[in-house]
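Protein chains: 2
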Amino acid sequence: MRVLHTADWHLGKIVNEFSMIEDQRHALEQLVEAVKTQNIDAVIMAGDLYDRSLPPKEAVALADEVLTQIVNELGIPVLAIAGNHDSSERLEYGSRLFTQNNLFIEGTLKHETRKVRIDGVNFYLMPFSDPAFVREKMQQPDIRTMEDAARYQIEAIKSQWNPAELNVLIAHAYVINGDVDSVETSDSERPLSIGTAEYIPVGLLEGFDYVALGHLHKPQKVKEAFIRYSGSLLKYSKSEANHVKQLTVVDLQKSSVTQEPFYFEPLRNMRVIRDSFEALLKQRSDDYIFFELTDSDIIFDPMNQLRKKFPNAMGLEYVNRHVTTVTDIALSQSDLKSKKLPDLFADFYENYTHSTLSSDSRSLIEREFNDAERSTHETH
Amino acid sequence: MRVLHTADWHLGKIVNEFSMIEDQRHALEQLVEAVKTQNIDAVIMAGDLYDRSLPPKEAVALADEVLTQIVNELGIPVLAIAGNHDSSERLEYGSRLFTQNNLFIEGTLKHETRKVRIDGVNFYLMPFSDPAFVREKMQQPDIRTMEDAARYQIEAIKSQWNPAELNVLIAHAYVINGDVDSVETSDSERPLSIGTAEYIPVGLLEGFDYVALGHLHKPQKVKEAFIRYSGSLLKYSKSEANHVKQLTVVDLQKSSVTQEPFYFEPLRNMRVIRDSFEALLKQRSDDYIFFELTDSDIIFDPMNQLRKKFPNAMGLEYVNRHVTTVTDIALSQSDLKSKKLPDLFADFYENYTHSTLSSDSRSLIEREFNDAERSTHETH
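The listed protein sequences derive, respectively, from chains A and B.
When we follow our numbering, the leftmost residue of the first sequence carries the number 8, and every step to the right adds one.
When we follow our numbering, the leftmost residue of the second sequence carries the number 8, and every step to the right adds one.
Be aware that a few hints might be false.
Identical copies carry no separate label here, and so any pair may be met within one copy or between two of them.
When the alpha-carbon atoms are kept at most 30 Å apart in a straight line, the in silico DSBU-like pairs for lysine-lysine are as follows [what the hints assert, rightly or not]: (1) K289 x K122; (2) K228 x K261; (3) K228 x K165; (4) K43 x K117; (5) K289 x K315; (6) K228 x K346; (7) K261 x K165; (8) K117 x K315.
By construction, these hints were calculated from the structure, which means they are not laboratory data.
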């Protein structure tokens with residue numbers, strides 16, 4: 008059986024004031040193509056279908072369109088769970104009816120983890136849930152952390168499963184191998200819990216034939232090849248600019264589980280360009296760009312100038328500018344009183360730019376200060 | 008064929024800070040009972056499933072539960088359209104997939120009005136749409152008003168139908184017979200359009216065997232018995248307190264179409280009680296109450312006192328109090344200077360209460376004023 012593992016679509020996402028909806032529509036068209044060309048038997052969406060609990064109506068319409076297309080027109084089942092960005096209850100709407108269409112959406116936590124059997128493979132759908140909610144729902148007062156909650160649910164699955172069959176877990180979680188640095192995170196992943204540890208140790212997931220994870224936006228395995236994040240549909244923050252996004256095609260057999268990436272061109276790439284302002288003005292691109300300006304001088308209103316060449320410029324920062332703190336330019340009160348204004352300005356200039364005021368500039372400044380002082384006396 | 012005509016569920020409605028969700032759940036349980044006991048073959052919901060375009064998650068969960076129960080467990084088809092309170096796009100989510108479950112939800116306007124054929128009866132589902140949107144979608148620049156839009160859509164239906172068959176229209180509109188006073192409106196109906204006429208003349212609807220209307224909250228026919236508002240599921244404003252809410256059971260045959268009301272007890276009734284404050288304190292009720300106090304005197308903080316007996320008190324007004332306007336008590340500047348304070352107070356009292364200050368009260372007031380004046384002189 009060939010499964011297309013995807014996650015973190017984040018439909019309706021807005022990145023730095025740019026709606027991603029057209030990029031998402033384009034990416035999902037590639038996804039539908041992949042289902043056809045890769046002979047996919049089932050599609051997994053491992054949480055964060057939407058970017059927020061109240062998604063914009065365009066996102067709802069897009070989800071409706073794509074899910075309907077896959078299950079109705081292509082006749083391929085879809086298995087989806089709620090992520091921490093989704094509203095469980097809203098995602099649950101229609102879920103029981105959709106089952107008849109081979110659309111399996113698990114929004115809310117149930118007493119028993121939902122098992123969907125397709126072509127002899129058991130898929131366990133574990134929607135994201137807060138540990139406090141799992142504790143209450145399962146009436147297990149000892150559940151405190153994400154790890155507790157996951158352990159309880161997974162042990163319940165394992166107490167009933169047949170390990171001789173193919174068992175696939177679909178989960179939205181922050182799985183680590185020993186310590187937090189074992190996985191690569193991004194800025195667009197919202198913390199899964201406040202106050203309690205959000206991590207699940209990878210050991211809990213052993214025994215499954217494949218674990219289709221969502222939450223971390225970079226495609227990666229966690230310890231074992233069969234425990235994988237497919238990564239997000241698109242790049243959703245500057246920290247993801249260097250990711251190589253993919254859909255993951257998983258070939259599931261009891262004897263061996265193999266994966267291969269499916270790459271597609273996004274409508275617009277998201278990139279970081281590090282260059283001088285002058286050099287940037289000679290380039291152009293429709294990509295989503297985060298600029299890293301190498302200039303040491305402040306440029307006046309650089310974004311508006313750059314947007315003429317880069318209409319989808321998303322952000323800008325200076326990477327070579329010395330950050331001047333107040334202590335650097337601290338002067339004693341007596342200095343302030345004894346020094347003349349042109350001298351004070353020269354000090355300020357040197358502190359701020361780390362270069363000396365030229366004698367020409369110095370003369371100009373002196374003349375300006377004199378003029379200003381004279382005109383002040385005249386008008387008062 | 009027996010149809011249960013309902014409309015204006017307004018799930019998630021909040022009336023005067025009281026969530027109606029439990030009342031709605033209770034009412035929908037009665038609705039499900041009616042489907043069973045009345046041998047219903049199809050359920051109509053003629054718009055305003057939700058009270059607002061972004062309904063609370065509890066409302067979404069309730070809609071999901073009830074619709075799933077009717078089509079899945081009872082096996083009875085449901086025909087629903089968007090009303091002016093619904094978000095067309097959100098209501099459309101899942102719609103094509105639901106068709107296989109005999110759940111027919113029409114959220115967004117289509118080029119052609121959707122026709123659903125059940126047991127030989129043609130149901131035309133006309134979701135609420137703004138005239139400007141109909142104009143654009145249909146590319147009919149002459150469509151300006153609700154009437155224009157409805158006429159265009161209905162003529163398109165009639166150009167293709169077979170009048171020898173049973174044809175039922177489901178619409179969410181403000182249908183009038185000649186003039187606006189021909190129908191009874193309520194305060195919880197939001198205007199359908201701003202700036203253009205929102206009315207549809209009843210004549211447009213002739214030729215159908217039954218027109219299942221939503222929008223007006225009072226159950227009523229418009230001119231003909233076969234053109235009906237079922238009314239809202241529950242009372243949703245003080246102006247609806249005297250309504251007798253019902254579900255409408257329609258017996259559809261080509262030779263005759265008859266209706267009968269199905270009444271059910273709401274979880275809590277919504278009522279107006281007109282009485283004196285003292286008399287009210289001797290009563291108690293869990294109903295939603297709007298008080299009309301007959302007292303002529305202002306009562307101190309009456310709602311908090313009444314809520315001890317009427318926990319679901321929703322509103323209060325005085326019906327016998329003379330509204331004292333500034334002109335009534337206008338005095339000339341010379342009056343103000345010449346009159347003594349007790350005299351001014353007596354005038355004020357008379358103006359305000361429409362009764363004369365008794366001589367006892369007058370003496371008391373004089374003493375108080377004298378005391379006050381003396382103590383002012385002492386302290387200054």
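Quick rundown of the hints versus the structure:
When the C-alpha separation of K289 and K122 is checked against a cutoff of 30 Å, the pair qualifies neither within a copy, at 56 Å, nor between copies, at 58 Å. Taking the closest pair of Cα atoms, K228 and K261 come within 30 Å of each other only inside a single copy of the chain (19 Å); across copies the shortest separation is 66 Å, beyond that limit. In this homomeric assembly, K228 and K165 come within 30 Å of each other (Cα to Cα) only inside a single copy, at 22 Å, whereas the closest approach across copies is 61 Å. Proximity of K43 and K117 under a CA criterion of 30 Å is satisfied inter-copy only: 29 Å between copies versus 33 Å inside one chain copy.
Within a single copy, K289 and K315 get their C-alpha atoms as close as 11 Å, which meets the 30 Å cut-off; across copies the closest is 76 Å, which misses it. Taking the shortest Cα distances, K228 and K346 never come within 30 Å of each other, neither inside one copy (64 Å) nor across copies (92 Å). For the identical chains of this complex, K261 and K165 are intra-copy neighbours only, at 17 Å inside a copy versus 59 Å across copies, given an alpha-carbon limit of 30 Å. Taking CA atoms no more than 30 Å apart as the test, K117 paired with K315 passes in neither setting, with 52 Å inside one copy and 39 Å between copies.
The structure does not agree with the numbered hints 1, 6, 8 stated previously, though it agrees with the rest.
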